[in-house]
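Protein sequence lines, in the order shown, are assigned to chains A and B. For what it's worth, the numbering used here labels the leading residue of the first sequence as 24, then goes sequentially. For what it's worth, the numbering used here labels the leading residue of the second sequence as 214, then goes sequentially.
Be aware that one or more of the hints could be misleading.
Stated by the list, open to error - Among chain B residues calculated to face chain A with C-beta under 7 Å, some are:
#1 Ile-226
#2 Thr-228
#3 Arg-297
#4 Met-366
#5 Tyr-369
#6 Thr-525
#7 Leu-528
Stated by the list, open to error - Quick look at which bits of chain A chain B covers, simulated, 3 or more residues with Cβ under 8 Å:
#8 75 to 86
#9 258 to 265
Claimed, not checked - Computed far set for chain B versus chain A, every beta-carbon distance over 12 Å:
#10 Asp-237
#11 Ser-242
#12 Ile-270
#13 Asn-275
#14 Thr-313
#15 Ala-314
#16 His-345
#17 Ala-368
#18 Lys-517
#19 Leu-539
Bear in mind the hints are in silico, worked out from the structure with no lab data behind them. Quick caveat: nothing in here was measured; it's all calculated off a predicted structure. Note that CB positions come from ideal geometry on N, CA and C, so glycine has one too.
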Amino acid sequence: MMTSYLLRRINLLLVTLFILTIASYALAYLFPGEALQNLSGQLNPNDTTYAALSEKYAMDAHPIFGFFTYLGHLLHGDWGTSINSGKPVLDEILSHLPATLELSTYALFMSLLIGIPVGFWAGIRFHRSVDYAVMTGSVVGFSIPVFWLALILIMLFSLNLGLLPMSGRISLLFDIPERSGFIVLDILLSDVPNKREALYNAFLHMILPTLSITIVTSAVVMRITRRSVADVIQSDYIKAAIARGLSRTQALWRHGVRNALLPIMPQIVMQFTVLLTNAMIVELIFSWPGIGNWLLQAIYQRDYPAISGGMLAVSAVVIFFTLTMDVLVRALNPLKRRDVHGTI
Amino acid sequence: MQLLDIKNLTLEIPTASGSIKALDKVSLSLKKGEISALVGESGSGKSLIVRTIVGAIPDRWNITADRLTWKGQDLLGMSEHKRRRIIRDEVSVVFQNAVTALDPTATLGEQLLEAVPDRLLPKTMFWQRRQHRLALAQKQLHKVGIKDHELCMKAYPHQVADDVCQKLMLAMSLVSQPELLIADDPTMGMEITTKVQILRLLTKLNQTRNLSILYVSHDLLAIATMATNMTVLYCGQTVESGSMSELRHSPLHPYTKALLDSAPSFRKDLPRKTPLSSLPGTIPTLQHLPIGCRLGPRCPRAGKECVKAPKTHRLHNHFYNCHFPLLPETK
Ligand SMILES: Nc1ncnc2c1ncn2[C@@H]1O[C@H](COP(=O)(O)OP(=O)(O)OP(=O)(O)O)[C@@H](O)[C@H]1O
Ligand code: SF4
Ligand SMILES: [Mg+2]
């Protein structure tokens, strides 16, 4: 049962990735300019290079054959060269993606850390003043455009109060060698003399970007949680638990939390896509050296190999994350584990 | 001694279109060691009474009562904490719909073990307590008729049949060795053999352990063989209460009579091919309750006085709420 489900998910993952590569290959033809240039990233090659590239991407053969050649190059890690920097696209992606993932991870954790408890609180006080206050706050929270919010935060905390830095991941004074791409991990792995200050400095840089994303996402998480908790409180099994002599709090803690959280897991996982998009926007405003920032530069510069490579990478991350979480959520949910013990 | 004594209990549910009296001056009492039946049509408020007794109702609902006492102690006036202790240690409830009354994400075993009270465990180290808990739980499962306890305890509610959930609910209620068992339709939808098993178990517990039972059901036949007393409910009002045999043989209230007549197996003298008797009309919704006696519009004996709610009258140990009862001389 579980294995067949897993196989189906993996199948879905592979098919989706395959379709994405088709899209990415098609983009090379749809973008302005020559397809070969868009695939390889070589500007104005001389005759010999041109012939070599044309051979490499099987330009003279049928496009379907061309696509499989391209797929082969992708699988071998050859994603073309960035027109902008002249470096291989894959290297560029691998050096920018971790920064985005790092920011998104913090933001996701913060959103859950704030959204779920506050949502619980509102759900318990369903249709009372606390609930109304939380709901009003969350409407404001998720209707604010994220770039505007980021700018307001910068104006307030960086420019007016001067409390927090407004751009980058760490002060330029610290020279942290890049290993994993995750700044906190890199600091810990490095042997700079003042690790403590470096960590503190990185932490200060993190606050505003994380906060901008968190405000929006936690507002949504809050609403989802509150609805679910309000439903669970009404349920018979909570009433039955109270009738067995448990207090309201005990009943909710023992039988409510799991039942409220399990069904909303998939909805919360879906928020990750929105969160990643917001993270990419926020990166630009805070000059965070992530993939969003890099992708935007690529678009400005019409760096087509970079654009299609970046698109491929970001969508692959989203799909991979969503499907993994889907499997995980299912494994955790006993309601989905049907027919394990047979019927009695 | 009265174990449970309810006098003029009124429950008001606030709704968008004003508050509704879902229970209107309901009275009910139960002595130690008694099996008392609470009957009434669907929607008459039987489950609401059960939930009011154990306090499993929303705070917004308004309860008033002349008396709502447990062994002479006022349940409404006492502290939340004290009431919870009484409910936990002395009263158990089997809820009507066992499948929804069980936590869907916990195994049946976890829920049954949780219901084993600490007071029944010997004072030992906590890792030994689990063993005792398990032993008590398993014994109880066998008693309610679940043989394969291991399989049952590992399963989640959705993995077992409905009647297993019902039996488990019953096991959960009995495992705490209560003085009073409130069973809200515990045999709903069960097969006849299973039903007989459960009823036999309850009767036996009543005889051997002196367990008092408030048995809520539509099933007049089951009740008649078991209960000593009966309370009849119509639309949130008590219409008649008294000893089972008296109510059965000489009902005083028109509704009780109609109810008994509509259960054919109850009338031994029934000639063949007589049409089933029943009252005209249907039970009104809570939003459109008639004033006065709520049976009024459907009652064959109704008169002008019936627009005022009848008071409780008494004939020996037999209580009825009616202006024109079926008294022997008027019959
Ligand atoms: N949460 C609620 N809010 C509003 N009205 C309710 C609520 N719960 C029950 N009621 C109403 O109270 C009335 C009595 O319901 P109750 O469940 O006590 O009936 P019952 O006698 O147990 O019926 P059954 O035999 O079908 O179990 C019904 O008309 C129902 O609509
Ligand atoms: S009080 Fe009137 S309406 Fe009500 S049951 Fe008696 S006779 Fe019928
Ligand atoms: Mg009911």
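Open item on the list: Just to be careful: measuring from the Cβ of B:Thr-525 to every Cβ in chain A, is the smallest value less than 7 Å?
Closed with: 28 Å, violated
Open item on the list: Confirm or reject: B:Lys-517 is not an interface residue toward chain A, with every Cβ-Cβ distance exceeding 12 Å.
Closed with: 42 Å, holds
Open item on the list: A cut-off of 12 Å on Cβ-Cβ distance, and B:Ile-270 was said to be off the interface with chain A. Does that hold?
Closed with: 8 Å, violated
Task: chain A versus B:Ser-242 - minimum CB to CB distance exceeding 12 Å, so not interface - done: 20 Å, holds
TODO: Return the status of the interface hint for B:Tyr-369: holds when the least beta-carbon distance to chain A is below 7 Å, violated otherwise.
DONE: Holds: closest Cβ of chain A sits about 5 Å from B:Tyr-369, inside 7 Å.
Open item on the list: Can you confirm whether chain B covers the segment 75 to 86 of chain A, using C-beta to C-beta distances below 8 Å and requiring at least three such residues?
Closed with: violated (count 0)
TODO: Classify the label on B:Ala-314 as holds or violated, using whether its beta-carbon is more than 12 Å from each beta-carbon of chain A.
DONE: Incorrect as stated: the minimum Cβ-Cβ distance to chain A is 4 Å, not above 12 Å.
Open item on the list: Does B:Leu-539 clear chain A by more than 12 Å, comparing its Cβ with all Cβ atoms of that chain?
Closed with: 37 Å, holds
Task: Given hint B:Leu-528 near chain A, where the shortest CB pair must fall under 7 Å - done: At 35 Å from the nearest chain A Cβ, B:Leu-528 fails the 7 Å test, so the hint is violated.
TODO: Report holds or violated for chain B covering the segment 258 to 265 of chain A, Cβ cut-off 8 Å, minimum 3 residues.
DONE: Three-residue rule met by the segment 258 to 265 of chain A, so holds; n is 7.
Open item on the list: Would the non-interface assignment of B:His-345 survive a Cβ cutoff of 12 Å against chain A?
Closed with: 19 Å, holds
- [ ] Just double-check B:Asp-237 for me: nearest Cβ-Cβ distance to chain A has to come out over 12 Å.
- [x] At about 23 Å from chain A, B:Asp-237 clears the 12 Å cut-off, so the statement holds.
The structure does not agree with the numbered hints 1, 2, 4, 6, 7, 8, 12, 14, 15 and 17 stated previously, though it agrees with the rest.
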